[in-house]
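Number of protein chains: 2
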Amino acid sequence: MQAYRLLYPMRTYLVVSGKGEEANVMAADWVTIVSFNPFLVGVAVAPQRTTHGLIKKYKEFVISVPSLDMLRDVWIAGTKKGPAKLKEMNITLIPSKNVSVPSIKEALANIECKVIDERDYGDHIWFVGEVVGYSYNEEAFKNGKPNPKAKFLAHLSWTEFVTFSEEIYRAE
Amino acid sequence: MQAYRLLYPMRTYLVVSGKGEEANVMAADWVTIVSFNPFLVGVAVAPQRTTHGLIKKYKEFVISVPSLDMLRDVWIAGTKKGPAKLKEMNITLIPSKNVSVPSIKEALANIECKVIDERDYGDHIWFVGEVVGYSYNEEAFKNGKPNPKAKFLAHLSWTEFVTFSEEIYRAE
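Note that the protein sequences, when read in sequence, are chains A and B.
Just so you know, UniProt numbering puts 154 at position 154 of the first sequence, and the rest follows in order with no gaps.
Just so you know, UniProt numbering puts 35 at position 35 of the second sequence, and the rest follows in order with no gaps.
Copies of the same chain are indistinguishable here, so a pair counts whether it falls within one copy or spans any two.
Taking lysine-lysine and the DSBU-like style, the derived pairs with C-alpha atoms no more than 35 Å apart in a straight line are:
hint : residue 1 : residue 2
1    : Lys105    : Lys142
2    : Lys85     : Lys145
3    : Lys149    : Lys19
Since the hints were made in silico from the structure, they are not lab data.
Let the hints inform the model, and build the full structure from the sequences given.
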């Protein structure tokens with residue numbers, strides 16, 4: 001048992017970095033919000049990843065939210081290295097609103113971040129970005145909240161992924 | 001639309017802090033792994049929470065993994081303040097293996113952490129802990145990975161929660 005799996009299933013996101021010919025996409029499970037106001041998001045990136053160098057260089061990144069329909073793209077993004085993999089993926093890079101790093105047209109949401117902090121934690125670098133823009137699919141986020149029918153993607157273990165059940169449980 | 005909901009659904013965990021009469025439990029969505037080796041886990045805690053003071057005092061915390069069956073306890077932990085709420089909850093605090101902060105018997109897993117870093121991010125404090133011990137329910141983590149039948153809990157929006165579907169999708 002790899003103990004880190006005790007926190008799984010964890011949501012899987014895509015991290016876009018770089019721009020133009022350098023633009024790259026990696027898959028990342030280790031993403032969370034760290035502040036509501038200002039809205040700050042953190043992501044852990046291994047220093048050997050191309051994404052690490054691109055975030056260091058441009059101080060911007062986009063967190064994209066893939067659906068289960070994008071599983072093949074997520075897998076390529078997570079297992080292949082460098083911008084060449086984008087040719088194998090079925091994604092369309094489109095301009096973001098407030099950063100120069102692109103967003104992903106097919107994603108359920110794109111969260112545009114400018115780096116405000118960077119920490120060296122063990123075998124990953126922790127980048128924290130302030131959210132300066134975002135875009136989203138209105139069917140996936142109806143009435144101001146995620147719609148489970150949008151098939152948000154979560155990572156179970158190495159090659160295995162799950163999505164959410166459509167039943168909603170109310171706490172009160 | 002509150003933009004931070006674009007990253008939801010997010011897993012919901014319980015954070016145990018303090019010891020003895022001071023022991024307290026809060027619910028937290030903003031949790032992630034930040035390093036594989038060493039195994040480091042981060043959690044964002046608002047400074048007005050009792051948990052914040054207890055983590056500062058003892059430099060230890062436990063991340064517990066609730067199931068959907070614990071939804072009522074999660075809701076109390078997330079909306080009520082201070083150790084008095086434990087009397088309303090149906091949880092049993094038991095000794096942890098390698099920290100003095102207790103674990104939760106009913107949880108699917110307990111991840112025992114010693115604080116190694118603390119950062120002030122906007123309206124939350126980011127505590128990073130090194131995992132020094134853990135315990136788990138073997139049915140919930142069969143064959144070294146999470147078992148979706150264990151009904152891991154995720155937060156959709158304010159009072160609304162979801163769990164995972166049992167179907168597993170393979171990327172290769």
